[in-house]
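Both chains are given apart, each in its own frame, so use the hints to dock them into the complex.
Top to bottom, those sequences are chains S and E. With the first sequence counted from 1, adding 394 to any position gets you our numbering. With the second sequence counted from 1, adding 13 to any position gets you our numbering.
Any given hint could be a false lead.
If we take Cβ atoms under 10 Å as the criterion, some of the chain E residues that face chain S in the derived model are [claimed, not checked]:
| # | residue |
| --- | --- |
| 1 | Ala88 |
| 2 | Lys89 |
| 3 | His113 |
| 4 | Gly115 |
| 5 | Ser116 |
No wet-lab data here; the hints were simulated from the structure. Being a predicted model, the structure only gives us computed values, none of them experimental. Virtual Cβ for every residue (Gly too), placed ideally from N, Cα, C.
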Amino acid sequence: MSDSATYEKVADIISEICGIDRATITPQSHAINDLGIDSLDFLDVAFAIDKAFGIKMPLEQWTQEVNQGGVYGEEYFVLEGLARNIDKLVAAKG
Amino acid sequence: MRLEYFQMVDRIAAMDLAARTIVVDCTLPQESPIFEGHFPGYPILPGVLMIETIAQAGGWLVMAGLRFRQMAFLAKVSEAKMRSFLTPGQVIQVEATQEHDGSGYAVLSGRIRSGGKLVAEAGITYRVMDFPNPALRQGLFEVARRVGVPEELLADA
Numbered sequence: 395m396s397d398s399a400t401y402e403k404v405a406d407i408i409s410e411i412c413g414i415d416r417a418t419i420t421p422q423s424h425a426i427n428d429l430g431i432d433s434l435d436f437l438d439v440a441f442a443i444d445k446a447f448g449i450k451m452p453l454e455q456w457t458q459e460v461n462q463g464g465v466y467g468e469e470y471f472v473l474e475g476l477a478r479n480i481d482k483l484v485a486a487k488g
Numbered sequence: 014m015r016l017e018y019f020q021m022v023d024r025i026a027a028m029d030l031a032a033r034t035i036v037v038d039c040t041l042p043q044e045s046p047i048f049e050g051h052f053p054g055y056p057i058l059p060g061v062l063m064i065e066t067i068a069q070a071g072g073w074l075v076m077a078g079l080r081f082r083q084m085a086f087l088a089k090v091s092e093a094k095m096r097s098f099l100t101p102g103q104v105i106q107v108e109a110t111q112e113h114d115g116s117g118y119a120v121l122s123g124r125i126r127s128g129g130k131l132v133a134e135a136g137i138t139y140r141v142m143d144f145p146n147p148a149l150r151q152g153l154f155e156v157a158r159r160v161g162v163p164e165e166l167l168a169d170a
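Looking at chain E on its own, in the form it has when it is part of the complex (with noise of 0.2 Å):
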């Protein structure tokens, strides 16, 4: 994970189209600017962050879903709990199932766990969009490659 570039996940573990359901691998870093104000002498990493890894996994399942034609942006966040605190160096894993493949939104359920305990979960709603512009769209498919995301999905797009 790179916290202060939003890249929060490191990489697909695996992804199931059919029972939409996504699981990715993230490793929190050592060391982060993040880090140093929440908090200062208690590195814990930020719940709000715990959310954003969520979305970010959910929305690549999203995304794959959609063969990458359309870009799943946060819209609503629902039921958030934060279990316990997530540490540097810590490894996690976030699983994310789709509840609903809705017309130009979609809504998922994710979970972070470490360890096999669970620390996090979440309701995600997204809003599914065409992207906005080729930039955003080049950009996000080099992150799919970094990510794991098949490239057969990225050839269709």
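So here's chain S without its partners, still in its complex pose (with noise of 0.2 Å):
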């Protein structure tokens, strides 16, 4: 799945799970800070992503890297980002 098809897919998810808008969802989203999506919802998109692309998305990981400074929030959190992980993700279980 090229990176532009894996953020259709993503956006389609947030907007069908949060009640987003389609029109409103752009790659240059920030999950939380531009969408409103609290962390239960962001649990809700996180299985689904993690069932429609067969991965385990390491948001521990994640987190803890934004946390204490390794990464910037938006690496994962803005919908390209988090696209591109995906695909990373996807290409590594093979």
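Right, dumping it as structure tokens:
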């Protein structure tokens, strides 16, 4: 699945689960700051993404990296960055 | 079951970590202050405590899979159905199956049966986190031993 296709799938999932107008979601949207997804809804989003792509997003590791200042939150929580990391996980599982 | 202490699980009857399934046995108490209020003259287990019972059964499975290094907190209940009443003294079995092992969360489905008949069912999502303090961890280990969690699973924690 290409980066773009991954982003489209993620945006569809967020729109459906969180009840957010699909037209307002962009690749530059920050899941929390822009879309207002709270931590509980994010669990549902994570579950749907894990299922859709057959992966286990390392959310605990990502959160730890952000909290420790190793990476910016944008890397994982802006949708284009999230899609890019999903593609890495899909590629890694072969 | 000691309802007023939220001790819903009496005994783990079977747990298969590879298949991600658990079965627990429970017997409703003959008397409880909860039955005095729910309802006067017609004591039945509140539906929310059926859900709590499913959540606790599934929680043991999640934590056992993590070798008790983390705690599973109830985060979401979905598609809960209470199909019939449970009354004082009734014996029940709770089955739970882990549908997904996420990072920082877990998703299960659970069912309560009595006499082979389906009584209640619910989907449960847990937030999985480090133990917030040593007291909770210690207290949970004591309950784990009481309900029959294999000692080797606790030894790794």
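To see whether the hints hold, each was checked on the structure:
Against a cut-off of 10 Å between C-beta atoms, the interface hint on Ala88(E) holds, since the closest Cβ of chain S lies about 6 Å away. At its closest, the beta carbon of Lys89(E) sits 7 Å from a beta carbon of chain S; the interface hint therefore holds under the 10 Å criterion. Taken as an interface hint, His113(E) checks out: its beta carbon lies about 6 Å from the nearest beta carbon of chain S, inside 10 Å. At about 6 Å, the closest approach between the beta carbon of Gly115(E) and any beta carbon in chain S falls short of 10 Å, and the interface hint on this residue holds.
Evaluation of the Ser116(E) hint against chain S yields a held restraint, the C-beta minimum of about 4 Å falling below 10 Å.
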